[in-house]
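Once you've looked at the hints, dock chain Z against the given chain F.
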Amino acid sequence: MTHALPFVCFFVAAAPVSELPTPAESARRVVDAAKAEKAPLPEELSVKLAASDDPRDVWLAVAAHTLIEVEINPEMRVKVAAGPAKPTLTAGRTMPFFVRVENRCGATARLAVTATDLASNNAETPDWLDVEIVNAKGHSDRLSGAPIDYKLLMCRIAEPGRREVRLGFDAGQGTQDLGFRGVTDILFHVRKEDAAPSGD
Amino acid sequence: MPIRFVIVLSVLCSAALAQEQFPRVETVERQPLLSQVTRLDEALQAIGSPLDAEVHAALERLKSLADDKAVAAEVQTLLDPLCLVAIDLSGETPKVTGPGKTSELFAEGWRAFLVKVVNPEGATGGLRIDSPNAAPVPRSPADAVESRWLGLESYEGQPLRTKLSGLPLEYRIVQLYSRDVGERSATLTAAVVESDEQKDAPSGSADLKFKAVASTPVSFAVTDGGEPAMAAFEIRDALGRVYPLQSKRLAPDFFFHPQVYRATGETVQLPPGSYTVRCSRGPESIHETQSLVVEDRPVTLTYDVKRWIDTAKLNYWSGDHHIHAAGCQHYDKPTEGVLPADMLRHCKGEDLKVGCCLTWGPCFDFQKQFFTGKTDDVSEYPYLLRYDIEVSGFGSHNSGHLNLLKLKDQIYPGGDSKLHWPTLGLNTLTWAKSQGAVCGPAHSAAGLTRTVGRLEGTDGLDGPHRLPNYDIPAYDGIGANEFIVDITHEVPGPEGKLVPAVDFISTMNTDRVAEWNMWYHALNCGYRVKASGETDFPCITGERVGIGRVYAKVDGRLEFDRWVEALAAGRSYVSDGSCHLMNMTAEPAGDASRKVSLGENGSELRTVGPSSVKVRVTAAAFREGSPSLPVELIVNGYVADQQDLVADGTPRDLEFDAQLDRSSWVAVRVFPHAHTNPIFAIVDGKPIRPSKESAEWCLKGVEQCWSQKLRTYREEEREGAKTAYDHAREAYQQIIAEAEPTARPE
Numbered sequence: 001m002t003h004a005l006p007f008v009c010f011f012v013a014a015a016p017v018s019e020l021p022t023p024a025e026s027a028r029r030v031v032d033a034a035k036a037e038k039a040p041l042p043e044e045l046s047v048k049l050a051a052s053d054d055p056r057d058v059w060l061a062v063a064a065h066t067l068i069e070v071e072i073n074p075e076m077r078v079k080v081a082a083g084p085a086k087p088t089l090t091a092g093r094t095m096p097f098f099v100r101v102e103n104r105c106g107a108t109a110r111l112a113v114t115a116t117d118l119a120s121n122n123a124e125t126p127d128w129l130d131v132e133i134v135n136a137k138g139h140s141d142r143l144s145g146a147p148i149d150y151k152l153l154m155c156r157i158a159e160p161g162r163r164e165v166r167l168g169f170d171a172g173q174g175t176q177d178l179g180f181r182g183v184t185d186i187l188f189h190v191r192k193e194d195a196a197p198s199g200d
Numbered sequence: 201m202p203i204r205f206v207i208v209l210s211v212l213c214s215a216a217l218a219q220e221q222f223p224r225v226e227t228v229e230r231q232p233l234l235s236q237v238t239r240l241d242e243a244l245q246a247i248g249s250p251l252d253a254e255v256h257a258a259l260e261r262l263k264s265l266a267d268d269k270a271v272a273a274e275v276q277t278l279l280d281p282l283c284l285v286a287i288d289l290s291g292e293t294p295k296v297t298g299p300g301k302t303s304e305l306f307a308e309g310w311r312a313f314l315v316k317v318v319n320p321e322g323a324t325g326g327l328r329i330d331s332p333n334a335a336p337v338p339r340s341p342a343d344a345v346e347s348r349w350l351g352l353e354s355y356e357g358q359p360l361r362t363k364l365s366g367l368p369l370e371y372r373i374v375q376l377y378s379r380d381v382g383e384r385s386a387t388l389t390a391a392v393v394e395s396d397e398q399k400d401a402p403s404g405s406a407d408l409k410f411k412a413v414a415s416t417p418v419s420f421a422v423t424d425g426g427e428p429a430m431a432a433f434e435i436r437d438a439l440g441r442v443y444p445l446q447s448k449r450l451a452p453d454f455f456f457h458p459q460v461y462r463a464t465g466e467t468v469q470l471p472p473g474s475y476t477v478r479c480s481r482g483p484e485s486i487h488e489t490q491s492l493v494v495e496d497r498p499v500t501l502t503y504d505v506k507r508w509i510d511t512a513k514l515n516y517w518s519g520d521h522h523i524h525a526a527g528c529q530h531y532d533k534p535t536e537g538v539l540p541a542d543m544l545r546h547c548k549g550e551d552l553k554v555g556c557c558l559t560w561g562p563c564f565d566f567q568k569q570f571f572t573g574k575t576d577d578v579s580e581y582p583y584l585l586r587y588d589i590e591v592s593g594f595g596s597h598n599s600g601h602l603n604l605l606k607l608k609d610q611i612y613p614g615g616d617s618k619l620h621w622p623t624l625g626l627n628t629l630t631w632a633k634s635q636g637a638v639c640g641p642a643h644s645a646a647g648l649t650r651t652v653g654r655l656e657g658t659d660g661l662d663g664p665h666r667l668p669n670y671d672i673p674a675y676d677g678i679g680a681n682e683f684i685v686d687i688t689h690e691v692p693g694p695e696g697k698l699v700p701a702v703d704f705i706s707t708m709n710t711d712r713v714a715e716w717n718m719w720y721h722a723l724n725c726g727y728r729v730k731a732s733g734e735t736d737f738p739c740i741t742g743e744r745v746g747i748g749r750v751y752a753k754v755d756g757r758l759e760f761d762r763w764v765e766a767l768a769a770g771r772s773y774v775s776d777g778s779c780h781l782m783n784m785t786a787e788p789a790g791d792a793s794r795k796v797s798l799g800e801n802g803s804e805l806r807t808v809g810p811s812s813v814k815v816r817v818t819a820a821a822f823r824e825g826s827p828s829l830p831v832e833l834i835v836n837g838y839v840a841d842q843q844d845l846v847a848d849g850t851p852r853d854l855e856f857d858a859q860l861d862r863s864s865w866v867a868v869r870v871f872p873h874a875h876t877n878p879i880f881a882i883v884d885g886k887p888i889r890p891s892k893e894s895a896e897w898c899l900k901g902v903e904q905c906w907s908q909k910l911r912t913y914r915e916e917e918r919e920g921a922k923t924a925y926d927h928a929r930e931a932y933q934q935i936i937a938e939a940e941p942t943a944r945p946e
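As you go down the protein sequences, you meet chains F and Z in turn.
Numbering of the first sequence is given in the numbering used here, commencing with residue 1 and proceeding in unit increments.
Numbering of the second sequence is given in the numbering used here, commencing with residue 201 and proceeding in unit increments.
Okay, chain F solo, but in the shape it has when bound (with noise of 0.2 Å):
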């Protein structure tokens, strides 16, 4: 059982590995996956869709349209922030908003995401919010090891109203930061389905 490698010296950064998507790629895929899962985009985000099919111009339209900011360090500590997409639902209806994930570890790990009801007693799981990361065919819940990736995130809230829910993110157990930077707390706007435009 003896193998000695010799030394090696490197003298370049850690390229990039090729067969992984690139951040272009991976928004793209997470809007074929939002029209796969027949899910309404917001109104601005579907019209810079319509307005250009290239790449660039598709990562910025889903990088402007992110819910949530995912920061995995080195060490596999997941990070979590809002994002600058507006958090408004129509009421009764599953909605598509995307999770920007940069992975400066390359974990390839499942994301999953936890909600929390801050206002009820001792904290459950909301029974009033359907979320879930998708993983479905063309798009996995797993991240791809990627620096950059895009997951799609479904909410749906039954009831009008304002709800602020705590949302959490682990790339498996034990790896979300500490100190609430794990989680990030989301006020969601829900509109009632008559009041609502076809849009964000």
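Think of the hints as simulated: they come from the structure by calculation, not from any bench.
Mixed in with the good hints there might be a few duds.
[As the list claims (entries may be wrong)] Sample of chain F residues with no beta-carbon within 10 Å of chain Z, all distances over it, derived:
#1 Asp53
#2 Arg93
#3 Val134
#4 Arg191
[To be verified] Keeping only pairs whose Cα atoms sit at most 27 Å apart, straight-line, the calculated DSSO-like set for lysine-lysine is:
#5 Lys533(Z) to Lys506(Z)
#6 Lys513(Z) to Lys574(Z)
#7 Lys363(Z) to Lys448(Z)
#8 Lys608(Z) to Lys568(Z)
#9 Lys608(Z) to Lys574(Z)
#10 Lys533(Z) to Lys448(Z)
#11 Lys399(Z) to Lys86(F)
#12 Lys363(Z) to Lys86(F)
#13 Lys295(Z) to Lys411(Z)
#14 Lys192(F) to Lys533(Z)
#15 Lys363(Z) to Lys295(Z)
#16 Lys192(F) to Lys269(Z)
Where a beta carbon is used, it is the ideal one built from N, C-alpha and C, also for glycine.
Below, chain Z alone, put in the same frame as chain F:
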């Protein structure tokens, strides 16, 4: 009159006053309001200024109340008295209302207050709270120096938000500092801004009165065994507020700790009042709580450390092979992490004899200056601090982080920083081992807790606590992943002689079953990898250094090289500090002359033919209520014998019997608190091959690891990676051919 009663009465009186002053909000949707208030409660705890327990409990009770109006009214009744000001955003210009009373501050210290925000129009910009009295003193006009006595800072960190929520009512936190003692006034201004740069936002103001109480120096007198010492002190006032204010701390006090570390003669500044002080000095001390009354004269807090055990006196020296001075919870401003003296202070305060401070990705080029290839000069015997490297955030980190201890050169050849390092962990290990380093993977369970299947034919083979188990990990993280390959390799040591590429597996800071399960399977394949204990402070946890420990036996004077050699030789046990397993020996029953001590002569006991073996260990544990803990003898991963240990702190000599009919490894554990390294019992000179299933599990692991890690290897290293993995495959196939089916004890 009880203090609590005074506080409650004071709150109620203040409430009556404040309710007259502050605008009220009639209706707010209860769910988002209660959620916001809960976050406020969390934030106050995080900065060490928690709500009074009764106010906290009253807010919790509101969660059972369904009526929006009633909830809004009660929230305001409870929180308005704690507010410095109310800010009403209903008009074009914010209207700021003071409390109508003098607010108390303390000189040279910070105090947190709430701010009530009434926001009927649903503004969602940032709320800028400021004061001309908080303007900088450097470069100020001479006649303004006197009035610039105030420090002011809004707390907008997690779990709060920087911007307004848009709810009609919310509460925020502002922290004030007084330069001076006595009565002072200040103007507080408020404006809603769309960006930090906006200068022209309409601004409202109020004039406020303060009385700043002089703080008093509190000195510490700390002794341990009659010698001056460093210890941990968590200081809280009657309302549970932590001192010094966490959000204003810089090293050596860490902002993410409630505790500070102080030695004899050192001080903290406290305003007059009553305090409780939790005193401790690591897990071998008996923690105690003292009451402290501070008046206007300097006072001394005396803490004579009481221990339930002192393992150093038994030549077992505690260490944590994985702590950091930068990254994770540390800040990178105003300094890029913290300094060696800061880390040593924390080690001394937790009575951690050896701290291995590992430079890694964040602040690498700043922190690398502290590597000297020897114990750092700040070390104070027997507290030793040494800088080495964790490959994390660069190089081969994707296939599993590596702790590299006792390096002579900290930078991989070909550069002077972190970008040129190899991506195959084995290449890193080959370089490190050539200079005599002691190496092993970090946070081992990362990537091993999700499973992708189970080894066929192993139903019923899992042991107690699922140790061992035969689920195949996903190898999708940065723990002991490429480890499954690297343990099969030998590489040239400093003199060219081949040595194992991996010395130890890190334990005690990640999922205990996953990390110990990997270790057990490796041992079952005959790889004599040792267990060591780590915290990965402040990444896996920022609570304190030395949560995960290794206690290595060094006779005579403690020196780092001897300690780390004991670690590599397995003359040690891992522990969370609450349980100790010392002086392990094994001998053929009835033949004490052939006794083998753990970590001596390769920890190897040789016997001829199946043998009865007597294993001895000195065990001690300390738990409130002195419960009995099961101490288990482990043979080839399974429980072979058990003794009960009363956890009253008394060291007890325990004996175990094992019948060994094949070459085996034996160890002692108290799940999940402590584990000895193994003694290797070699029967008839045959290698340790007790489990064909363990080898098959490892082989499956190589395949799974390859599927996950191939893409992480740089193109020019892939051929070498393939060769390394092929070697591991062949090694495990050879072991499978030699091994016997697992014999699980009844």
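Evaluated hints:
no.: 1; hint: Asp53; result: 28 Å, holds
no.: 2; hint: Arg93; result: 19 Å, holds
no.: 3; hint: Val134; result: 19 Å, holds
no.: 4; hint: Arg191; result: 14 Å, holds
no.: 5; hint: Lys533(Z) to Lys506(Z); result: 38 Å, violated
no.: 6; hint: Lys513(Z) to Lys574(Z); result: 25 Å, holds
no.: 7; hint: Lys363(Z) to Lys448(Z); result: 22 Å, holds
no.: 8; hint: Lys608(Z) to Lys568(Z); result: 13 Å, holds
no.: 9; hint: Lys608(Z) to Lys574(Z); result: 8 Å, holds
no.: 10; hint: Lys533(Z) to Lys448(Z); result: 13 Å, holds
no.: 11; hint: Lys399(Z) to Lys86(F); result: 26 Å, holds
no.: 12; hint: Lys363(Z) to Lys86(F); result: 14 Å, holds
no.: 13; hint: Lys295(Z) to Lys411(Z); result: 24 Å, holds
no.: 14; hint: Lys192(F) to Lys533(Z); result: 46 Å, violated
no.: 15; hint: Lys363(Z) to Lys295(Z); result: 18 Å, holds
no.: 16; hint: Lys192(F) to Lys269(Z); result: 22 Å, holds
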